[in-house]
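Chains A and B, in that order, are what the protein sequence lines are.
Its first residue numbered 1, the first sequence is counted upward by one per residue in full-length UniProt numbering.
Its first residue numbered 1, the second sequence is counted upward by one per residue in full-length UniProt numbering.
A hint or two may mislead.
[Claimed, not checked] Straight-line distance between alpha carbons at most 25 Å, and here's what the computed BS3-like set of lysine-lysine pairs gives:
hint, chain 1, residue 1, chain 2, residue 2
1, A, Lys420, B, Lys63
2, B, Lys445, B, Lys231
3, B, Lys287, A, Lys426
Just so you know, these hints were derived from the structure itself, not from any lab.
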Amino acid sequence: MMLELPERILARHVRRTAFASRVVWLPMVLIAGLLVYAAVLGWLSFREQTALRVRYQQEARHDWLSNPDKHPHRMAHFGNFAFRPKPPLSLFEFGMESYLGNLVFLEAHKQNSVNFSEAGFSTGLLRFGEISLAMVLQLLLPLLIFFLGYGVVAAERDSGTLRLLLSQGISPRQLLVGKMRGLVGVVMRLYVPVVLLTVVGWLVLQNGRVSADETARLLLLMLAYAGYLVICCGVAVLVSARSSSARTALVTLMGIWLMLTIVLPRAAQAVGAYVYEIPSKAQFFARIQDDVLKEGDSHNPADPHYAKLKDSLLTAYNVDSVQQLPVNYSGVVMAEGEKISAHIYTNHFDQLQQVYARQNRLSELVAFVDPFLAIRQLSMALAGTDYATYADFQQQAEHYRYEMAQYLNALQIKYIPNKKAGPTDKPHAISRANWEAMPDFTYQPVPVGVTLTQSWRSLVALVVWLVGLVVAFRWVARTFTVA
Amino acid sequence: MIRLAFKNFIRSGGVRVGLALLLVAGVVSLFIGRQFLDRQAQAIADVRAYQQTDFARNIAIHKDELGLLLYYLKFSLVNPSLPLSGLSLGQRDVNPSIQSVTIRALESQRYDADLTNPANLLLGNLDFSFVLIYLFPLLVIACCYNLVSDERENGTWKLIVVQQPDVMSVIYRLYAIRVGVILGVLAVLLVLAVLVLNLPVDGALAGFAGMSVLYVLFWAAVCFWVTSLRKQSSVNALLLVTGWLGLIVLLPTLLNTYIVARYPTPEALETTLTARKGYHEKWDTDKQQTMQAFFAHYPQFRSIPPPKLAFNWPWYYAMQQLGDDDAAKSANALRQKVAQREMVSRQLARFIPPLHTQLQLNELAGSGLSNQLRFQTATGRFHEELRLHFYQTMFTDTPVSAENWNRFDVKTFRDNAPSDTLVGLLPLLAFILLFVGVGWLTFRKTAAMA
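I would like the entire structure built from these sequences, with the hints used as guidance.
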């Protein structure tokens, strides 16, 4: 009979004690219950929100199409709505979902805010956090790992069995590896069902029609969490190995957990927000307006920029007055105004985004000392519930708004006569057949490759932690003492 | 003996580090609160400056057409931040504190979001209320989890039991030292808060301080009960941290999901879509019908001559008005839903002390949802007053120059919040009595055991 490796025996021992202890079963059952609750919740919330948004998106489209013949500029103000679709993996990771607006009204010459975030309708409760599968894995499972793992070495030290083990020829390296394997084994027995739960929910929600991109996201997500949980196990074993008693190990690990999951993330973000200030809304739009007015005010008939535009048009078509132009003059003015104002708005909006990015940068850097932040950011990015994905939605919506406005301006330039309709005449209008030709807004998801390049810091931070863990294990094994 | 115990406690390294960390976090939180108040003041100054220059510019361009001028003019109403909100930012970072509205349909503008970085919102503020609600209990737990049990584990408890005739008084004193020191830190922070944030010393501040003290005492009472159970120190630590997790992370989360699921708000989307349709479809329907509907709402304007031209401003603003009228039903439903959420969460929060404390502090600081709801209502009134005034002048063809435009400065909303400070203290008081009572009963049985 082949002799079993000591690591394996130690690992099995860790698993057996973990599942035999009554103190452990209670939190395990609790966490398992929370996982199921979070899964059901994420599933229901995705289904409901998606149904709601699809319903209203269809209603909005129906309203758009039911407009009769009218002046194209009336349609430009009738406008369209962009509904932010809920990403499928939001069933697993809620991320910023509750703080992101869901609906933006798109009309000519005006960039509206994305409104109706869940947070706006929330009492102070939301600020205590939300429960999702990802939250359980990020926050609660590590605490359970620390509860399970604080004694793996230190308790043997307390009871004197550690000396016994080492005197039997087991090396400190074998001891640590064995304990680590055991702890990881226990945790994986909780993690694998979560993976299955997520995959099934995710498949069912999308009726089995999943894209390669989404699949890659899910796989990466599950892999990243496995890495994170291994890191947590490693920290538990190392602290246990270095502590003089089990109690010290427990208190240390609880301190670490509180620091990494509660204090540091908030502190890092708060400092980032403190250092980099964003303008007030009034100031932001005042600056945009100033820049637009510098270029030319399309609503002011005496504006020099538009006077020049008029002259050049009159020269180009060789006529004396705008009434004689073969194209609709006010349409040309609006198309020019839209071009200028959209460009300026985009510039200012990009600057604002950069300030946000700077505010968030500190958290991304702190991820190198706090694996919780690393997994959190990576998880939100992969699930599509992070700020980058939201910013992408805003960009796509603004792009659509611009296209819509210019499409209607083009129709006006082409079909609307320059001579104003008399007081008793029928107002100028174009056929409603033109409305159909403007397609509805559809959001194109960010490719996973782009997401990965955007969140490379968090990815590298996780890898650094894993590598650092191996180094730390070697060092602890080398300097290991029994007492 | 008590002096010795105090020295012993304060000299231990862990306690010093904990106290220092808490003080640092507290002071940082005060500066974050200071910055929040400064930014709010700046935002108000910005909107005031903007309104002045923008009014002058638009009046100069559209001096002949009041209807067109009013299409552009934005009137602002400010929800001022109380100095106390620097201690408890509440929902102030989520909801805009300034509403700028034209006299066009209100439902298409009142929900406009502020500029915010969602990452900041998600992680939450490091304000004083965070330090109080999350971190103070941890220090209480760190200082008290091994009381008595540590002495039992070291074997020194036996000596105390033998030497001291009244063991209970020893336990009280041990607690008094710890709770006293922690309350001292709290007091220092509150005094600093008054200085850093220029807080007026008034009833609201007293209520705020009272809530804070009771909250710390609540956690001390929980520790008192847990340590009375005669478990090992590590089990005490496990129980207390799990309790902290349950009360501060899990229960509020579960409650929030219940409330969100119980009172969903599809009316938000509904309102926006209806308001758009309600206004725009009037362009293509009979003008007289529109005017009749408008007169049904505002009989006082019945004397306006019917629109003869293809376009006139009374008709335009009547169309806008009907956008609001059409959306009124879903808008009211939305407000009711949110008010219900607020009411239910306050009722249920009474059973979860950290949650209750947070909501109560927000309430005192005027930074909670209820303040936002009253501000929303005030915005509606503000808009209605402007509307009525300008309908009158516009429909009677008053020239732009006849209006005293300086009168329309940025207006400030005064919140007359109903005060229930003392009632708010009761749930915490009840929990404190409960845990101290049960703890006392168990300690009477276990204290003398070695």
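Verification of the hints:
1. A:Lys420 - B:Lys63: Holds - the C-alpha atoms of B:Lys63 and A:Lys420 are around 22 Å apart, at most 25 Å.
2. B:Lys445 - B:Lys231: Holds, at roughly 14 Å.
3. B:Lys287 - A:Lys426: At roughly 13 Å apart (the allowed maximum being 25 Å), A:Lys426 and B:Lys287 satisfy the hint.
Hint violations for this structure: none, all hints satisfied.
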